[in-house]
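Turn these sequences into a full structure, and let the hints guide you.
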Amino acid sequence: MPTLISLGGAGTVTGSKHLLTHGDTQLLVDCGLFQGLKNLRELNWEPLPVDPRSIDAVVLTHAHLDHSGHLPKLVRDGFTGPIFSTPATAAVAELILEDSAHLQEKDAEFANRKGFSRHHPALPLYGVREARRALRAFEPVPLHTPVALLGGATLVLRGAGHILGASTAQIDIGGRRIVFSGDLGRYGDAVMKDPEPVPEADYVVIESTYGNRRHEDVDPVEALGAVVERTVRRGGTVVIPAFAVGRAQSLIYHLWQLRQAGRLPHTAVYLDSPMAGSASQLLHDHPRDHKLKTRDYEAACGAVTYVRDADASHALSSNRYPKVIVSASGMATGGRVLHHMVAFGTDHRNTILFSGYQAAGTRGRALLEGAREVKIHGQWIPIRAEVAELPMLSAHADSHELLRWLGGFRREPQKVFIVHGEPDASEALRVRIERELGWAAVVPRQEQVFRL
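Residues 1 to 452 in the working numbering are what the sequence shown lists, from first letter to last.
I should point out that these hints are in silico values taken from the structure, not numbers from a laboratory. Please note that the accuracy of each hint is not assured.
What the hints assert, rightly or not - Below, in silico cross-link-like pairs of lysine-lysine (DSS-like), each with a Cα-Cα straight-line distance of 25 Å or less:
1) K375 / K38
2) K193 / K291
3) K193 / K293
4) K106 / K375
5) K38 / K106
This is the structure in structure tokens:
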């Protein structure tokens with residue numbers, strides 16, 4: 001009889017790790033970093049409750065850090081098996097994991113040089129060397145193609161929308177079929193395809209990031225244009241923290257649409273992230289994974305000024321002309337966007353605009369909840385800029401869309417496990433599933449064991 005244990009992503013929206021065990025076979029679905037609250041971040045340094053050497057394979061639903069960012073440490077700690085994902089996810093992971101490792105090395109060096117770390121010396125969780133070791137373990141799997149795993153298990157991946165390469169994972173093991181949603185995207189998104197329906201499962205493990213919220217039925221291009229135009233009118237700059245893969249490309253496309261419509265004719269748009277520039281190339285490399293026509297995404301990407309080196313990024317922070325800066329990270333937890341928040345956050349003419357989910361404990365969440373100062377690189381920075389949010393630009397399905405995806409199953413599963421959400425969001429989704437679908441649903445606790 002298989003068992004399911006959530007080693008991360010249970011009771012929180014980060015650190016997704018779900019362990020399937022049957023006999024001597026152990027499969028880990030996703031292997032993400034904990035982000036946000038300090039007590040969660042500290043878990044990244046703790047050994048896993050299971051020996052990494054005993055894990056036979058990892059199935060990666062998509063490459064965002066909260067699903068993939070622990071892989072280099074897993075490999076360093078002894079994991080030697082394959083990592084299965086879609087080809088596009090493998091390509092995105094190469095960018096994200098190397099960038100994560102590089103940033104951690106730089107942040108540790110910066111903390112040591114400036115002396116603001118409590119640890120002496122400050123160390124990265126892992127480095128570029130470990131990230132590259134993890135990347136060598138990837139074995140790309142085409143969508144809709146059954147793949148044999150150890151212990152007689154099989155894997156089938158289907159498109160999940162969300163970001164380039166994102167998939168749901170169907171695993172048949174020990175006579176049970178378990179489907180993991182990963183992160184589900186929006187229906188009708190301008191860039192990504194709709195999440196694919198899954199016909200049947202005995203058990204479903206579903207994310208609940210927006211399990212208690214609906215996105216506004218507002219044209220995202222109009223909403224984005226309104227924020228940029230009012231900021232530019234008062235002589236300000238819009239700083240948009242954005243995940244370098246996914247949201248950055250969608251934002252570039254929407255800003256190009258505004259320019260095509262005759263709006264923002266003289267407003268420069270900067271993409272300050274070397275990784276985001278490389279990610280735009282992936283749209284060309286994986287045309288079947290998104291909706292955009294070649295001429296459109298080439299025109300949109302060509303209308304942006306790419307900022308690749310650190311000196312150019314610092315010069316951009318000194319530039320006081322009205323403009324739009326799109327820069328990682330999306331929850332303002334690190335990366336170049338922090339320097340721009342220091343440079344522009346203190347002036348009321350500017351705007352800090354959030355376009356995706358902000359986890360508890362992040363600077364983004366604090367600002368959206370009304371904080372007027374944030375700690376950056378050991379210093380408290382007053383925030384006088386406008387703080388705005390456009391949740392309809394999020395890459396995550398809302399509560400109605402999560403129910404819509406569940407409605408694609410042709411028969412009732414035995415149970416739905418609700419993960420990857422803060423407690424109130426997960427509980428709200430559980431109530432909706434039981435009330436509207438009549439299905440048994442549960443919100444797992446961290447390391448709670450379920451026999452399937």
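Consistency of the hints with the structure:
The suggested pairing of K375 with K38 holds, with an alpha-carbon distance near 13 Å, which does not exceed 25 Å. In summary, the hint linking K193 to K291 is supported, as the alpha carbons are separated by about 6 Å, within the 25 Å threshold. With a C-alpha separation of about 13 Å, the suggested pair K193 and K293 falls inside the 25 Å cut-off, and the hint holds. In summary, the hint linking K106 to K375 is supported, as the alpha carbons are separated by about 18 Å, within the 25 Å threshold.
For a cut-off of 25 Å, the pair hint linking K38 to K106 stands: about 20 Å separates their Cα positions.
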